[in-house]
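Guided by the hints, dock chain B onto chain A, whose structure is given.
2 protein chains.
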Amino acid sequence: MEFQTPKGTRDFLPDEMAKRRAVFDACRAVFEKYGFGEVDTPAFESLELLTAKGSLGDEAVKDIYRFEDKSQRKLGLRYDLTVPMVRLFLSQKFPRPVKWYSIGKVWRYEDIAKGRWREFSQCDVEIIGSPLPEADVEVLAVAIECLLALGLKDIEVRINSRKIMDAMAEKLGITRREEVFRALDKLDKRGEREVKKELLAFCSSEQADKVLAFIKSPSKQEELERIIALLPGEYRKYVRPDLSIARGLDYYTGFVFETFVKGFENLGSVVSGGRYDRLIEKYGGEPVPATGFGLGSDRLAEIVNISGVRNPSVFIANVDAPAKARELCYALRALNVAAETDVMGRSISKQFDYAGRKGVSYVVVIGEKEVKSGKAMLRDMATGKEKPVALDARAIAASLRER
Amino acid sequence: MEFQTPKGTRDFLPDEMAKRRAVFDACRAVFEKYGFGEVDTPAFESLELLTAKGSLGDEAVKDIYRFEDKSQRKLGLRYDLTVPMVRLFLSQKFPRPVKWYSIGKVWRYEDIAKGRWREFSQCDVEIIGSPLPEADVEVLAVAIECLLALGLKDIEVRINSRKIMDAMAEKLGITRREEVFRALDKLDKRGEREVKKELLAFCSSEQADKVLAFIKSPSKQEELERIIALLPGEYRKYVRPDLSIARGLDYYTGFVFETFVKGFENLGSVVSGGRYDRLIEKYGGEPVPATGFGLGSDRLAEIVNISGVRNPSVFIANVDAPAKARELCYALRALNVAAETDVMGRSISKQFDYAGRKGVSYVVVIGEKEVKSGKAMLRDMATGKEKPVALDARAIAASLRER
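Residue numbers (my numbering), protein chains in the order written: chain A, 7 to 409; chain B, 7 to 409.
Check before you lean on any hint, since a few could be wrong.
Given that identical chains are not distinguished, each listed pair holds provided it fits within a single copy or across any two copies.
[Said to hold, decoys possible] Simulated crosslink set (DMTMM-like; lysine to aspartate or glutamate; CA at most 20 Å straight-line):
1) K59 to E22
2) K364 to E287
3) K80 to D69
4) K120 to D194
5) K111 to D304
6) K76 to E54
7) K177 to E212
8) K169 to E408
9) K120 to D304
10) K68 to E204
11) K120 to E308
It is worth saying that the hints were derived from the structure and are not from the lab.
Chain A on its own, in the form it takes in the complex (with noise of 0.2 Å):
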């Protein structure tokens, strides 16, 4: 038998998964602190409600894992965060704007070559009933604070509005959009020479050159200038705007946005959404403006500096006296430290193995002497020195504080 994980999916070791769980939780605390609440919903939906038309491109929808339960319903994984979050939307009435976030997995049937994972973790913020400006700044600041807040100072934001794009290419005549903006998200990776090769097979020679021409002045984009006055003056200088950003997903009216971070580029948009004002009307309802992104955590955790904050443990090992390890170990524990005794009834050399190799911060051994004398030593194991301690929870708890 196989012991790996299925195709295009992975396992998180404690190390990894502690980087992972930083990311969620410093996301979660931008989050709640901008007023969204926390919804977590089914990891499976309905395959009707995932393939709906005008939601997820063709692409996206034979991307999706699809199944029937015993009952032959058929189900389908979920592809993102937006489209389960606009579903619990209309299953009941919510005093509006909904302001709410989910972290959680999603699953692609992606191209693994690309280096794309088939089950990963988002972070997804929801704004719906708002068509103003306002709400697009606000998903855009959470967007940067979370960022700021995982140590990444070095980011770029590039925004861009689906109503300019619309509003050229009317203007130009151009009739495939599609392609053309497609072609037109290529530019940074590919430059302007392949791009406008590419152009040709939807528009003429000289509508490409006045597409190239007009991404190239963005500045004059009233509407993504409002955007960029309304964020607080210290996020301006991470946004600029770039009329290149197309973003994959069909869903998108306005405002979209991409985020890079510099030096990583090459993970692609680390943080990435924008405006769907026409998604929701397409299940069926009335029309409601919403406005969003989703965070990859993943590729974030791979990214950041951070460790994930964990407290200093200790393993009591012991010499013939277990009992008292075990002793030690649960009143260290009742103190709130990270603590750990032998379980496998081993050598003092085999206890030490295990505590190294788990890294923990410091080892106390206990034998007859010890505790006959109430007294032993406290191992640092990162630097190797001792220092007497009393055999006590309290007093090795001060001592651990100390450091």
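Chain B alone, transformed into the frame defined by chain A:
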């Protein structure tokens, strides 16, 4: 289109989610204190792994959500967190004992008429590699401490051992052990008379009487007494031997336990687990002893009395002063205060309405007068009382803390 969740699954709104989050966080803190490290595995595994002989029982295997990916790989949503952690353990070499925990969802096509959900969360703890009762005790102590940390003091942990039961069956010449143990497991719910009737299908009347007499005398069981003796003194009072506990999962081989909260016995066991020394070798490796538990965090979230510590929040309402309101709102957030302002362009009464429904703790109203005077009223939404405050983020933040 239907906007309900797929049958047997559900959404969690912010208030419910805050309680679940509080349960996850409380358990995580205890797990870390005991030296367990968090791991995360994919939502789906190969169907071969999930249905391997001797892991889940035949009934359980039928309840797995199964599907194929686009390359016809046979997959299934994980049924529990133990099997994926065992698979992770087998995927590479780890220093033993492995002490892992995992928090996540599992999926079972359950009979929802019995009040069960088809998607639910578990907090799982496993010690892999130790054959000693010291490891069982560690697991038991973690379970008890989690419940105490959740404020549940009136709990009863019932412990048993498959070994004791097997020895009894051997001695009494009972051959249909599984059926007999399952009948005994219902003693609490159905009473002795009903259970005896059921037993007669699997053994003689004399055997049934002896079995029932045997399980009424759990105090003589040395193995269980030893486990209780190894527990820290203050935890012993929560634990009692109960030879009727069988546990549904087929893979238990020794110590097993279930945990009930007084007054909520109808929920069934909220934390259950035990020793499964034969599971790992069934995947084709060497025998590796292991012990652990699963905690039903969704059920516990429904009964614990913690609301998820939320810091006070402020809504900055405005009359024709949106820029000032936004500025103040961002300044409060910079001071780590949860703050919101209108993003709908609404009238003051509608802004109040939103703040009230949302349950924010305080509202500050800003209009022309307040902007001019630099003073405003801070309204405590719980009491309706107002007090004057300077129109300054630091002053407002300080007033909240005085509360």
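To see whether the hints hold, each was checked on the structure:
In this assembly of identical chains, K59 and E22 lie within 20 Å of each other by CA distance neither inside one copy nor across copies; the values are 38 Å within and 32 Å between. In this assembly of identical chains, K364 and E287 lie within 20 Å of each other by CA distance neither inside one copy nor across copies; the values are 53 Å within and 25 Å between. Within a single copy, K80 and D69 get their C-alpha atoms as close as 15 Å, and across copies as close as 16 Å, so both meet the 20 Å cut-off. When the C-alpha separation of K120 and D194 is checked against a cutoff of 20 Å, the pair qualifies only within one copy, where the shortest distance is 17 Å, while the shortest distance between copies is 56 Å.
Taking identical chains as interchangeable, the C-alpha atoms of K111 and D304 lie at most 20 Å apart whether they share a chain (10 Å) or sit on different chains (18 Å). In this homomeric assembly, K76 and E54 come within 20 Å of each other (Cα to Cα) both inside a single copy, at 17 Å, and across copies, at 19 Å. Proximity of K177 and E212 under a CA criterion of 20 Å is satisfied intra-copy only: 13 Å inside one chain copy versus 94 Å between copies. In the homo-oligomer, the alpha carbons of K169 and E408 never lie at most 20 Å apart, since the shortest distance is 59 Å inside one protomer and 48 Å across protomers.
Taking the closest pair of Cα atoms, K120 and D304 come within 20 Å of each other only inside a single copy of the chain (16 Å); across copies the shortest separation is 37 Å, beyond that limit. Taking CA atoms no more than 20 Å apart as the test, K68 paired with E204 passes in neither setting, with 24 Å inside one copy and 52 Å between copies. Taking identical chains as interchangeable, the C-alpha atoms of K120 and E308 lie at most 20 Å apart only when both belong to the same chain, with a minimum of 17 Å there against 43 Å between chains.
In the structure shown, a violation is registered for the earlier hints numbered 1, 2, 8 and 10, in ascending order.
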